[in-house]
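Residue numbers (our numbering), protein chains in the order written: chain A, 849 to 1284; chain B, 849 to 1284.
For the record, the hints were derived by calculation from the structure and aren't laboratory data. Fair warning: there could be bad hints in the mix.
Unchecked claim - Derived lysine-lysine pairs resembling DSS-like cross-links, with alpha carbons at most 25 Å apart:
1) A:K1193 <-> B:K1118
2) B:K1031 <-> B:K1042
3) B:K1031 <-> A:K1031
4) A:K1042 <-> A:K1031
5) A:K1042 <-> A:K1073
6) B:K1193 <-> B:K1252
7) A:K1252 <-> A:K1193
8) B:K1073 <-> B:K1042
9) B:K1193 <-> A:K1118
Please read all numbers here as calculations on a predicted model, not as lab measurements.
Read off the chains here:
There are 2 protein chains.
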Amino acid sequence: LEADEPDVVAALLADWHAGDVAHLLEQSDAEERERLVALLRPSFDAEILAYLPLDLRDEVVSLLNPKELAAAVAELDTDDAVDVIQDLDDGARQAILENLPAETRALVEEGLTFPESSAGRLMSREFVSVPQFWTVGRLLDYLRAAAGTDESALPEQFYDIFVVDPMHRVIGAVPLSRVMRSKRTVRLMDILTKDIHSFSATADQEEVARSFRRYGLVSAPVVDKAGRLIGVVTVDDVVDVIEEEAEEDMLRLGGVGEGDLYRAVLDTTKSRFSWLAVNLVTAIVASVVIGFFETTIAQVVALAVLMPIVASMGGNAGTQTLTVAVRALATRELSEANAARVIGKEMLVGTANGVLFAVLAGGIACLWFRDPLIGLVIGIAMIVNMMCAGLFGALIPFALHRMKIDPAVASSVFLTTVTDVVGFLAFLGLASLILL
Amino acid sequence: LEADEPDVVAALLADWHAGDVAHLLEQSDAEERERLVALLRPSFDAEILAYLPLDLRDEVVSLLNPKELAAAVAELDTDDAVDVIQDLDDGARQAILENLPAETRALVEEGLTFPESSAGRLMSREFVSVPQFWTVGRLLDYLRAAAGTDESALPEQFYDIFVVDPMHRVIGAVPLSRVMRSKRTVRLMDILTKDIHSFSATADQEEVARSFRRYGLVSAPVVDKAGRLIGVVTVDDVVDVIEEEAEEDMLRLGGVGEGDLYRAVLDTTKSRFSWLAVNLVTAIVASVVIGFFETTIAQVVALAVLMPIVASMGGNAGTQTLTVAVRALATRELSEANAARVIGKEMLVGTANGVLFAVLAGGIACLWFRDPLIGLVIGIAMIVNMMCAGLFGALIPFALHRMKIDPAVASSVFLTTVTDVVGFLAFLGLASLILL
Chain A
849 LEADEPDVVA
859 ALLADWHAGD
869 VAHLLEQSDA
879 EERERLVALL
889 RPSFDAEILA
899 YLPLDLRDEV
909 VSLLNPKELA
919 AAVAELDTDD
929 AVDVIQDLDD
939 GARQAILENL
949 PAETRALVEE
959 GLTFPESSAG
969 RLMSREFVSV
979 PQFWTVGRLL
989 DYLRAAAGTD
999 ESALPEQFYD
1009 IFVVDPMHRV
1019 IGAVPLSRVM
1029 RSKRTVRLMD
1039 ILTKDIHSFS
1049 ATADQEEVAR
1059 SFRRYGLVSA
1069 PVVDKAGRLI
1079 GVVTVDDVVD
1089 VIEEEAEEDM
1099 LRLGGVGEGD
1109 LYRAVLDTTK
1119 SRFSWLAVNL
1129 VTAIVASVVI
1139 GFFETTIAQV
1149 VALAVLMPIV
1159 ASMGGNAGTQ
1169 TLTVAVRALA
1179 TRELSEANAA
1189 RVIGKEMLVG
1199 TANGVLFAVL
1209 AGGIACLWFR
1219 DPLIGLVIGI
1229 AMIVNMMCAG
1239 LFGALIPFAL
1249 HRMKIDPAVA
1259 SSVFLTTVTD
1269 VVGFLAFLGL
1279 ASLILL
Chain B
849 LEADEPDVVA
859 ALLADWHAGD
869 VAHLLEQSDA
879 EERERLVALL
889 RPSFDAEILA
899 YLPLDLRDEV
909 VSLLNPKELA
919 AAVAELDTDD
929 AVDVIQDLDD
939 GARQAILENL
949 PAETRALVEE
959 GLTFPESSAG
969 RLMSREFVSV
979 PQFWTVGRLL
989 DYLRAAAGTD
999 ESALPEQFYD
1009 IFVVDPMHRV
1019 IGAVPLSRVM
1029 RSKRTVRLMD
1039 ILTKDIHSFS
1049 ATADQEEVAR
1059 SFRRYGLVSA
1069 PVVDKAGRLI
1079 GVVTVDDVVD
1089 VIEEEAEEDM
1099 LRLGGVGEGD
1109 LYRAVLDTTK
1119 SRFSWLAVNL
1129 VTAIVASVVI
1139 GFFETTIAQV
1149 VALAVLMPIV
1159 ASMGGNAGTQ
1169 TLTVAVRALA
1179 TRELSEANAA
1189 RVIGKEMLVG
1199 TANGVLFAVL
1209 AGGIACLWFR
1219 DPLIGLVIGI
1229 AMIVNMMCAG
1239 LFGALIPFAL
1249 HRMKIDPAVA
1259 SSVFLTTVTD
1269 VVGFLAFLGL
1279 ASLILL
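All chains, please: the whole structure from these sequences, using the hints.
Structure follows, in C-alpha cells:
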C-alpha cells in the first residue's frame, strides 16, 4: 500500500475525499494510522474526523496539536464542528475551542449547550433566510452578491430557502428547484410550502430522523422557543443518525457497545465483562432450578440429556419475538395502540410453534429413550415454554419501553432468565410428577 | 379515533402527508385498515404505498381495483412507481401495468428489467441534464420555459444539474445552490464538479447507500455501460435503503424475516418454523454429546446442574463477537485487510474473559458442591469454550461472507452448535477424566 515514499502518499491523499481517507484510517492498524496522520498533518482536513467512528476520532485527535486542529475545525460548517468536538475528552475540547476564531467559537459553544443527541447538536448555523415579500429575482441577486463579497456568508450547500417574517419566525420554505423554475417576478410568498416540518433545538435526534424518513425531507429548520429560525438540519447528518440508531439497537441486543471493533483487547474485555457477568447470574439461577431436581435426574439420567433442548427452543423462539418487538418499538411501529394485539399474536405464534415442536421433540425423545412418557413430558414442557417465550418476548421490551428503559439493552437478559427457568422447571417438574 | 362520520375523516385524511397516512394504516388492525382504505379510495395517493411496509402494501393493493391504482401510480415519479410495483404479486403488477399510460408503462417496465436491489430499481428517470457549453442564464431560462409549458418535463424535486457531452455521457454535476450563487454569464463548465460519484444501473443498492453515506451525497447519476446518463438516485430513496439494510441484518440475526410484525398468526408461525427447526437439530446435536456422558452424569449429578452454565456463557460471549463481526462486515469496516487482526483480537478477548469467569464460576461451583475438583473442571471448560466462542464468533461470519452467504442469516446457528458442543464436551469430558 504505502511504500517508503511519504511524499507520493501525501500527495495522493490530498486529492482524496475525506470519507475515503477516514475509511483508510479505519482499516489500518494503530501504527499505520500514526504514520498516515503524520503525512496528513500539514494540511489536515477536519472533515476526516467527522467521518471517523468515535473511538478512532479520539486516537487521531491525540496525534495532532490543538492549534492545527483548531485551524482545521474552523474550516468546517458549525454542525460538523460541533459533531467533531462534542465527543472529545474535556481537555482536548477546551484546547481546540480556545484556538478557534471568536465568532466560530461562540457558535460552536452555543451548539454544545444543547442536549446530547438533540436537533440543536445536529443543526448547522449557516442557512439562507429571506423576507416573505421578496421576489425570485431579488433572491437570486442577493445570493449572487453574497457569494461575490463574502463566501462564508452562505452555507457551502443548501437545499431550501427559508422564508421568515419580520420577527424571524419561519413561515415556510421554497426548495431550490422550485425557485429555479420560477420567473424573476414571482413572489416567494406565492411559491412557498407552508406546511413544513420544523424542530425545536431540544428535539431528540431520533424524532428528527423519523420525520426526515417519513416525509422524505432534505433539510428542515430548527427553531427556538419563540419559533425563530436558529439553524438547519440537513439530510446528510440525518443519514448518520439513522444508521447509528439502527446499529446501536443491534449491538445492544447482542450485548456489545458502540465502537467495540476499534478498542484494544483490554478495553474490549472490560466493556463486555459486565454483560457476561449478568448472564452468569442468569445461568446460575437456571442451575439452581435444576438443583431442585437433583434426585429426579439421578434416577432418570435421560432428563439431563434432554433438558437443554427445551430451554434452547424457548430461548430461540423468545429471541425471534424479542427482535421484532425491539425493532418495532424503535421505529414506532409498535406503540400503546397496538401493543395488546401484538402481544396476543406473539403468544399465539409461540403456542402454535410449541405444539409443532412438541410433536417433533416428543417423537424423537420417545424413540431415543424408548419411553412414551418421556416424549409426553418434553412435549408438554415445550408447549408451555414456547408460549411463555412468545408472551414475555413481546411483553418484556414493551414494559421496559414504558418504564423509559432502552429495551435493546435489558430485554434479552430478562427473557433468557424466563425461558431457562420456565423450561427447566416445566420439564423437570413434569418429569418428577409423571415419571417417578 | 374515527367516529361514524366518514366524510369528516376522509376530508381530514386528504390533507395529511402520505407518510402520516401510511403510519396510521400501519397502526390499525385489518378491519380498520379496510375502512380507511375505502375512505381514501376516491382519490387514492399512490405515495402512501411507497411508505408502507411490504406486507401491508399487498393487503392495501388488494383492496383497490387496478384502474384506480394505475391512475394513482401514474402520478408518481418513476422511482416510486417502480418501488411500489416491484414487490406486488405478478397478477396485481400486470393489472396495474396494463392500465398505465404507454409512456409511463415503458419507463416502469424498463426499471423492472434491472436486478432487484440495484441502482436501476432505485433511480428516477426524471432528471435535468444540459450541455456543457450552457451558461447559468441559459439554464435558468430553460428551466423556466420547461416549467411554463409542460410541468412533467421536470422532476418534482431535484438537487443537482447534470452536465453531459454530446454523447449524453456525464461530465460533471452542479449543485443547485452553486447555480444560484453564480451570475447569469458564468459557464456551467467553469463551476461544475468533475469528481462525482456515478453508479452503473446494476450496482447493488448497498454499495450506492455506502457511497451516499461516505461522501454525504444528495443525488447521484446512474449511467449505462457506455457511460450515458439514464437516471438519478436521490437521498430519500437511499435513506430507506440504509434503514432497511441495518434492520434486515438485525432481524436476520434474531432469526426472523422482514415484515414479520404485520403477518397473520399462521404466516408468522410458518415463517419462523424453519429457523426453529434448524435450532432443534442443533439442540439435539448438543444432547447427543451429553448422551455420551450419561454414565458420568449418573455418578455425579452436580454435572447436570452445572453444565448449562458453561454452554450459556460460551453462547453469550460468541454472540457478542458475532454481532460486532456481522455489523462490521455489513459496513465494510471488516474486510480481508484486517480480518486476521480482528479474529486474533476476538480470540484474545474471549480467552481473557474466559479466565475471569473461570475464576468466578469455579469458585461458586467449588463452594456450592464443596468439591475443588468440580471448580477446576468448570474453570478449564469455561476458558476453552470462551476462547472458541471468540474465535468462531469472528471466523464463522467472515468465512460465510467470503463464500457469498449472508453472515446475518446463518452465523448464529453454526456458532451455537460450536459453543454448545465444545461447552458440553469440554466440561463433561474433563469431568470424566478428572472426577472419576
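Hint-by-hint comparison with the structure:
1. Of the pairs offered as hints, the one joining A:K1193 and B:K1118 holds, with about 14 Å between alpha carbons and a cut-off of 25 Å not exceeded.
2. About 20 Å separates the Cα atoms of B:K1031 and B:K1042, which keeps this hinted pair within 25 Å; it holds.
3. Taking the CA atoms of B:K1031 and A:K1031, the gap is about 16 Å. The hint holds against a cut of 25 Å.
4. Between A:K1042 and A:K1031 the alpha-carbon distance is near 20 Å, which keeps this suggested pair within the 25 Å criterion.
5. A threshold of 25 Å between alpha carbons decides the hint, and for A:K1042 with A:K1073 the separation of about 19 Å falls inside it, so the pair holds.
6. Straight-line distance between C-alpha atoms of B:K1193 and B:K1252 comes to about 24 Å, which keeps the hinted pair within the 25 Å bound.
7. Between A:K1252 and A:K1193, the direct Cα distance comes to roughly 24 Å. Compliance with the 25 Å bound is thereby established for this hinted pair.
8. Of the supplied pair hints, the one linking B:K1073 and B:K1042 holds, its CA atoms being roughly 19 Å apart against a limit of 25 Å.
9. Distance restraint check for B:K1193 and A:K1118: the Cα-Cα separation of roughly 14 Å lies within the 25 Å cut-off, and the hinted pair is therefore satisfied.
Taken one by one, the earlier hints all hold for this structure without exception.
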